[in-house]
Amino acid sequence: MIDSRRTVVFAVFSFCCLLSSARLVRDAPAPGRFKASEIALRSDQRFAALKAALPSRGVIGYIGEPGNSGLADYYLAQYALAPLVLDRSSNHALVIGNFSASSSSQASSHDFHLRRDFGNGLLLFASEGAK
Amino acid sequence: MALTVAVVLCLASGFLLVCLSFSRQRPLSSDLLLKMSLSVGFGLGIFSVVYFLSLLLGVTRLILVDFTVFTLFVVCFLLFRTSGTSFIRATRNNAEPAPRSHSLLATAFVVSLCAAVYTAIIRTLAYPHGDGWDAFSIWNLHARFLFLGGSHWRDGFSPLIPWSHPDYPLLLPAAIAHFWSFVGHDTPVVPGIIGLLFSFSTVGLLFSALSILRGRTSAMLGATVLLATPAFIELGTSQYADVPLSFFVLATVALLCLHESRVQEDSSPNSSGLLALAGLAAGCAAWTKNEGLLFLCTILLARLLTLIRTGPPSLTTIARQFAPMLVTIVPALLLIAYFKRSIAPPGDLFSDGTTALHKLTDPARYWAIARWYGKSFLRFGHWLVIPGTLLLVAFYFAAGKTVRKRDLNQAELGLRASILALGLTLAGYFAVYLITPYDIYWHLRFSLPRLFLQLWPSAIFVFFLSLAEDNSGTPTSGADAAGRCL
Numbered sequence: 026m027i028d029s030r031r032t033v034v035f036a037v038f039s040f041c042c043l044l045s046s047a048r049l050v051r052d053a054p055a056p057g058r059f060k061a062s063e064i065a066l067r068s069d070q071r072f073a074a075l076k077a078a079l080p081s082r083g084v085i086g087y088i089g090e091p092g093n094s095g096l097a098d099y100y101l102a103q104y105a106l107a108p109l110v111l112d113r114s115s116n117h118a119l120v121i122g123n124f125s126a127s128s129s130s131q132a133s134s135h136d137f138h139l140r141r142d143f144g145n146g147l148l149l150f151a152s153e154g155a156k
Numbered sequence: 003m004a005l006t007v008a009v010v011l012c013l014a015s016g017f018l019l020v021c022l023s024f025s026r027q028r029p030l031s032s033d034l035l036l037k038m039s040l041s042v043g044f045g046l047g048i049f050s051v052v053y054f055l056s057l058l059l060g061v062t063r064l065i066l067v068d069f070t071v072f073t074l075f076v077v078c079f080l081l082f083r084t085s086g087t088s089f090i091r092a093t094r095n096n097a098e099p100a101p102r103s104h105s106l107l108a109t110a111f112v113v114s115l116c117a118a119v120y121t122a123i124i125r126t127l128a129y130p131h132g133d134g135w136d137a138f139s140i141w142n143l144h145a146r147f148l149f150l151g152g153s154h155w156r157d158g159f160s161p162l163i164p165w166s167h168p169d170y171p172l173l174l175p176a177a178i179a180h181f182w183s184f185v186g187h188d189t190p191v192v193p194g195i196i197g198l199l200f201s202f203s204t205v206g207l208l209f210s211a212l213s214i215l216r217g218r219t220s221a222m223l224g225a226t227v228l229l230a231t232p233a234f235i236e237l238g239t240s241q242y243a244d245v246p247l248s249f250f251v252l253a254t255v256a257l258l259c260l261h262e263s264r265v266q267e268d269s270s271p272n273s274s275g276l277l278a279l280a281g282l283a284a285g286c287a288a289w290t291k292n293e294g295l296l297f298l299c300t301i302l303l304a305r306l307l308t309l310i311r312t313g314p315p316s317l318t319t320i321a322r323q324f325a326p327m328l329v330t331i332v333p334a335l336l337l338i339a340y341f342k343r344s345i346a347p348p349g350d351l352f353s354d355g356t357t358a359l360h361k362l363t364d365p366a367r368y369w370a371i372a373r374w375y376g377k378s379f380l381r382f383g384h385w386l387v388i389p390g391t392l393l394l395v396a397f398y399f400a401a402g403k404t405v406r407k408r409d410l411n412q413a414e415l416g417l418r419a420s421i422l423a424l425g426l427t428l429a430g431y432f433a434v435y436l437i438t439p440y441d442i443y444w445h446l447r448f449s450l451p452r453l454f455l456q457l458w459p460s461a462i463f464v465f466f467l468s469l470a471e472d473n474s475g476t477p478t479s480g481a482d483a484a485g486r487c488l
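First to last, the protein sequences are chains A and B.
FYI, in my numbering the residues of the first sequence are 26 to 156.
FYI, in my numbering the residues of the second sequence are 3 to 488.
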C-alpha cells in the first residue's frame, strides 16, 4: 500500500518535471538548421574590415542610432572592436558611424570629414577640430 | 593540444585544492562526483585569480605560472591534507533494494538529464557568442579586454562603457581570458564550454551532496527538479554569470552542511578543511558577481546569528567556526577590494545617497517589489504548466505529517545558517530594488528571474535536506518519509 502510494507521488512528481524537460527540448534550436550567429553577424563580421583600419588601442568616437534604440548596436560594435574603447560621442579625432544601410545618409548631417565608407551603413570619419 | 593542457591543469589544480580539504583516511576516489563537481568551479576560480594576478604583475609566461601553482598544490596535498578520524556517512538507503517507485524516479532523472544535456549542447552550438545581452556586453567583452588589451587591459573598465558594468568582478572574464591565452585567439568555444561545465557541475554538486547527506532518492528528486528547470539550462548556456554564481552559492551551502554532518558524526572539530573550502566558495561567489558579495556577507551573518541562537558562544567556539572560513574569505575580499578601488569605476546602484533614502520611504515601491517577488516565485524557471516552486510545495504537503513535524536539530548549524542566508540574500535583493536608480519595473523585469535562479539550486538543496528524518533520527530521503507517511 505504502509503496503504491509512494509510486503515485513519484509518478506525478516525475511527470511534472518531464513536462518542463519537454519544453526545454521543444524550445531548443533545431539541429542542422542553425542560423548564422546574429551576434557574430552584427559584430565581428560587420566590423572586420573597419577594425583593420583602426588603431588597435585607445579611445575613438562612436555615432549611431540615438538613445536606447542604438544601445545594442553600440555594444556589438564595442565587442567587435575591443580592446579599442568606443566613446558614444563625436568629440574625437576618429569617429565611426554605425547606421543601418538605409539610414546612412543621416551621417551627412554631421560635420565630419568622411574618411572611408565601408558600406552597409558603416562609416569612418575624421574630425580635425576634435580633441 | 594547448587547450587540453590548460583544461588538465585547471581541473587538476581544482581537484587537489578540493582534496586538500577532505579527510586523508578516505581514498581519493571516494565521493568522486562531489569532488569532481567542486573541482570545476574551484579550478576555474584558480585560473581566474592566476590570470588576474599575472596581468597585475606583468607576468607573460602563463604556462610556467600554471605549472608552479599546480606543483604548489601537489606539495600542499602531500604535506597538509586534512586528517580526520572519519568522514561523511554513507546513507543507509543507498544499499536498499530499489522499489518500483525508485525505478520510476531514476527513469525520470535519466530522461531529464538527457533532455538537459541535449538542449545544452544544441544551444551552445547554435549560440556560440552566447544568447542575450550580458554575454557580449559584459562578460565576454571584459574577457576580450583582458586578453587582447596587453598592457592597456584596464581600458575595458572605463566609465566610457557604462552599460558593460565595469565594476563587476572578474572570475568569469579572467578564466575565459586565461584559456584564450593558451589557444592563442579569442575563440567563442571557451566561454561556451565554461557555461556547460558550470551548468552540469552545479547539477553534479547538488546530486552528490544530497546523495551523501540524504541518500540517492533525495539526490535524484533534487537533481531532477533542477534539470527540469528550463531557465536554468538556458541561462547556463547563455554565457551569463548567474549560473556560475549559483554554483558557488550552492558549494558554500553544501560544504557547510557537509561540515556539520562530519562534526555530528565524528564529535571532532577537525573538519576545518571543509569550512575553509566553504569560505573559498563564498569568496569565489563574490569574485563572480556583485550579488555574490551580498551572499558572502549574509552567510557570515547567518552563521553568527545561528550560533548565538544556540546559546552564548564562547570565543573559542566563534574562532573554531569562523577562523577557517576567514582564512580563505579574507584574501578573496582583498582581491575584490583591490579591483574595486584601483581598477573599476564606482558601481551604478549606490551613486545617489539622498535619492536612495527618499526611495526607502516610499511604500509604493515596497508593494511593487513584493508583487514582483510573488509573481516571479511562480514564473522564474520558465516551467511548463506546473512551476517548480509549486511542485516543491505540493511535494512537501504530499509528504505529510512526518515531514512537517521534522524540527531542525540544534546542531544543524550549517543548514539553519544556509536557510537564513538565502532568506537574507533575498531580502538584500529586495533592498537593492528599493533604491535602484533605474525604473523599478524595468529593473525587476530584466533581473529578478535571474536573481531567483542564482539561489534556486541552493533552495532545492536545503529543501530536500530539511525535509525528512526517520524514526531513529537519522536523516534520510524525504521521499522515503513521504512514502512511509502516505
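Mixed in with the good hints, there may be bad ones.
[To be verified] Interface residues of chain A toward chain B, partial, derived using beta-carbon atoms under 7 Å:
#, residue
1, F35
2, A36
3, S46
4, V50
5, F59
6, A65
7, L66
8, Q70
9, R71
10, L75
11, Y100
12, A107
13, F124
14, S125
[Unchecked claim] Residues of chain B placed beyond 12 Å of chain A at every Cβ, according to the derived structure:
#, residue
15, Y120
16, E236
17, Y375
These are calculated hints, taken from the structure and not from any lab test.
We put the beta carbon where it would ideally sit given N, CA and C, even for glycine.
Quiz item: Looking back at the hints listed earlier, which ones does the structure fail to meet?
Solution: Numbers 7, 8, 9, 10, 13, 14, 15 and 16 - these are the hints that the structure violates, sorted from lowest upward.
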